[in-house]
Amino acid sequence: MSWLIVGTVPYESFPLTEDICILEKDCLRIGEQRIRIARGTPALIAAACATADVLNIERPRALLVGDTGRGEGSRRLYDCLADTADKRSESGYSFHYLFPDVFRHNRILWKLESLSVKPMLVADAGYMYAAKMSGFASSYTLFTPDVGEMAFLADSQAPHPFYTRGFLLRDENRVPDLIQQAYAEGNAAQYLLVKGQQDYVACDGEIIGTVSEPCVAAMEPIGGTGDSLTGIVTAFLMAEYSVSEACMRAARANRLTGFLANPSPAFSIQDLLPFLYKAAESVLSEK
Amino acid sequence: MNFFKKLFGKSPKEAGVSARGMIVFHHTAEVIAAESLLKEAGMEVQVKGPPPSLRTGCDMVIEFPLISELEALRILNDAKIAPIQVVTVEDVLLEPVSLFHVKDFGDYLMVRAANMKITVSKQNQEIVNISGGGCPDVPYLAEAMVGKSLLSAPEPRTLGKTLCGYALQLAYKEIIRQCHG
Chain S
1 MSWLIVGTVP YESFPLTEDI CILEKDCLRI GEQRIRIARG TPALIAAACA
51 TADVLNIERP RALLVGDTGR GEGSRRLYDC LADTADKRSE SGYSFHYLFP
101 DVFRHNRILW KLESLSVKPM LVADAGYMYA AKMSGFASSY TLFTPDVGEM
151 AFLADSQAPH PFYTRGFLLR DENRVPDLIQ QAYAEGNAAQ YLLVKGQQDY
201 VACDGEIIGT VSEPCVAAME PIGGTGDSLT GIVTAFLMAE YSVSEACMRA
251 ARANRLTGFL ANPSPAFSIQ DLLPFLYKAA ESVLSEK
Chain R
1 MNFFKKLFGK SPKEAGVSAR GMIVFHHTAE VIAAESLLKE AGMEVQVKGP
51 PPSLRTGCDM VIEFPLISEL EALRILNDAK IAPIQVVTVE DVLLEPVSLF
101 HVKDFGDYLM VRAANMKITV SKQNQEIVNI SGGGCPDVPY LAEAMVGKSL
151 LSAPEPRTLG KTLCGYALQL AYKEIIRQCH G
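Chains S and R are the protein sequences, given in the same order.
Each residue of the first sequence is one higher than the last, beginning at 1 in this note's numbering.
Each residue of the second sequence is one higher than the last, beginning at 1 in this note's numbering.
Excised from the complex, chain S in its bound form:
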């Protein structure tokens, strides 16, 4: 399936760029632009490309812009996508690190929903915050929050994870309750893949699977390991796995990557990436 990854890189001068993603030895290439593989959207893209190679499918395209938090780059990207969304033909989108902008988010969503075949919509990071704030979370196929973001989705009043109320954050073992609450409030996508000590896959309010092995504690502090999971699940969706199967296999592949790398908390996502190939092959061979 054709797929577009939408996000930002942390350089203000990086122009609005759309092209096929090419994973080179130690960097990404999108059109004429070379990007260091680090936490954020580059980590998502690198993981999606590596997994796509193992699955022997075409690599995704990416629509990227530079933004260091001022939001100007993100707004240019939102406007570009909103202007073209109803003429695009991708089967799916993975939205990632963008400055949350509910108005512009809605413009894009409404255009995509007007297509005769609605694409699959995956959201993580800032775009997931905008999707929740908009009240249209249920229009999405999949959200991939971590535990802190899961509490934010469960909190009907929080406009950003920074304002999540303490009683929701207090106990990391309450993820099943948070999932139920997010669905009850209409703040969840159809599917949730919750990244944590134990990964949860939920659909329409029900937990349909969990993945807890192998458990590598050092993965939590490593920046980009959540982004890589969203990248891996993107590749499995591109390969036309069902959403639940894609989530379960992606969770296992991400954990296995950590197990094979045996990292310390000082590892970078780039240190982990070489191990993803073997991990994805192993997960692919599972029945």
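Hint data in this document are derived by calculation from the structure and do not stem from the laboratory.
Note that the structure is predicted; figures quoted are calculated from it, not measured.
For glycine and all other residues, C-beta sits at the position ideal for the given N, C-alpha and C.
Zero decoy hints are in this set.
Derived, one-sided and incomplete: chain R residues facing chain S with beta-carbon distance under 8 Å: (1) 108; (2) 110; (3) 128; (4) 129; (5) 131; (6) 160.
Some chain S residues well away from chain R (every beta-carbon gap over 12 Å; in silico): (7) 1; (8) 23; (9) 84; (10) 91; (11) 116; (12) 177; (13) 184; (14) 274; (15) 282; (16) 287.
Using the hints provided, position chain R relative to the given structure of chain S.
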């Protein structure tokens, strides 16, 4: 999504939670000066009347995009304007996260505040990782801070522009407190 939703959108109450915040000041003069400064910085702001619970004698507050709280506060701080408080545009006032999770990895210590995590080496207090968050300043902050020692790295509040940056600032202050008491 049905036709009416597309045509009219949702009412504010239906359409999820507010993405706007209010900055409350001591004096009207501060509100006016702050409005100019924030508008000059390209921020979409409006002067509004505060709800009863926020009336402090200054009957104006500045409504602004909540996501830009850190940048707004820095602009005001540079101009030596000290607001009383920042709140979300909601019936119930929300407090920023104040709960920290501390995780000990042996040679490394991690602190999480809301959705942001910072990890340092106990041996030399080098910042070895920053993770979590979803706003575009997070990768930018990570590039600026990772690999530097805790006390020589730029503080997130000096480079961050969003609430994720603000959450990282809280985690950063807490990990300094954990390391230095």
